[in-house]
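Take these sequences, add in the hints, and give me the full structure.
These protein sequences, in sequence, are chains A and B.
Take the first sequence: its letters are residues 43 to 131, numbered as in our numbering.
Take the second sequence: its letters are residues 2 to 134, numbered as in our numbering.
Be careful, since some hints might not be right.
As the list claims (entries may be wrong) - List time: in silico BS3-like cross-link candidates among lysine-lysine, alpha-carbon distance up to 25 Å:
| no. | chain 1 | residue 1 | chain 2 | residue 2 |
| --- | --- | --- | --- | --- |
| 1 | B | LYS123 | A | LYS124 |
| 2 | A | LYS82 | B | LYS133 |
| 3 | B | LYS133 | B | LYS123 |
| 4 | B | LYS133 | A | LYS124 |
| 5 | A | LYS82 | A | LYS124 |
Simulated from the structure, these hints should not be mistaken for laboratory data.
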Amino acid sequence: MPASSESITLEGDLHARPAGALAVAAGRFAATVSVTTGVKTTDAKSVLGVMGLGATSGQQVTVSADGPDAAEAVATLVTILKEATHVGG
Amino acid sequence: MSQVGPQVGIVLVSHSARLAEGAADLAGQVGGGTVRVIPAGGTEDGGLGTSAEKVERALAAAESGAGVLVLPDLGSAVLTVLAMLEGLRGPHVVLADAPFVEGAVAATVTAAAGADLRAVAKAAEEAWHARKL
Chain A
43 MPASSESITL EGDLHARPAG ALAVAAGRFA ATVSVTTGVK TTDAKSVLGV
93 MGLGATSGQQ VTVSADGPDA AEAVATLVTI LKEATHVGG
Chain B
2 MSQVGPQVGI VLVSHSARLA EGAADLAGQV GGGTVRVIPA GGTEDGGLGT
52 SAEKVERALA AAESGAGVLV LPDLGSAVLT VLAMLEGLRG PHVVLADAPF
102 VEGAVAATVT AAAGADLRAV AKAAEEAWHA RKL
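Structure follows, in structure tokens:
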């Protein structure tokens, strides 16, 4: 199965609502999707897991996916992370 | 992406109307606002307690064709729901054994992604294991 991965640096903290948006979007893909920051990795489809990362501005976050729609999942989630944590956005 | 059809609805049963409303507001917003999250808190006269009539109305309001997950807060809210679901309990209404706020948020987000009732209930119950720190 195709695997895909991309890292970005957060421009803002990952608050509850963006964490929700991320998990909702992840849940619509067939691929398994994970989010990693520092030493913590969680299932991107688990909003409580994503919130539990405690990801803050300046941290590097990696989105990884494995499955038939992995590339699309990573692209979608990275876009959400960028938009949701963009300062003033 | 999968097709987004009818979503599982969520009913939050609390002793306190304000607690149920606040949790519904929070879960609804974190979930992006597409899921029916219906509070059923307090008694008919606005006091602390639970009301089978309120729960019944909330169940009807939450159902959009994919079933409803009910989350109670404490003690007699659980008993109220259990008693009234005796006749209703089936594939379309499931009572979750989950922490109230975390379960509501996890269930709502999972419902918003288009998951079925079984998966939404599982998400709520997995909230027992979510660490905050």
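Hints and how they fare:
1. LYS123/B to LYS124/A: Violated, at about 29 Å.
2. LYS82/A to LYS133/B: Within the cut-off at roughly 12 Å; holds.
3. LYS133/B to LYS123/B: Measuring from Cα to Cα gives roughly 19 Å; hence the hint holds.
4. LYS133/B to LYS124/A: holds, 23 Å
5. LYS82/A to LYS124/A: Judged against 25 Å, a Cα distance of about 19 Å means the pair holds.
Hint 1 from the list above is the single one not met by this structure.
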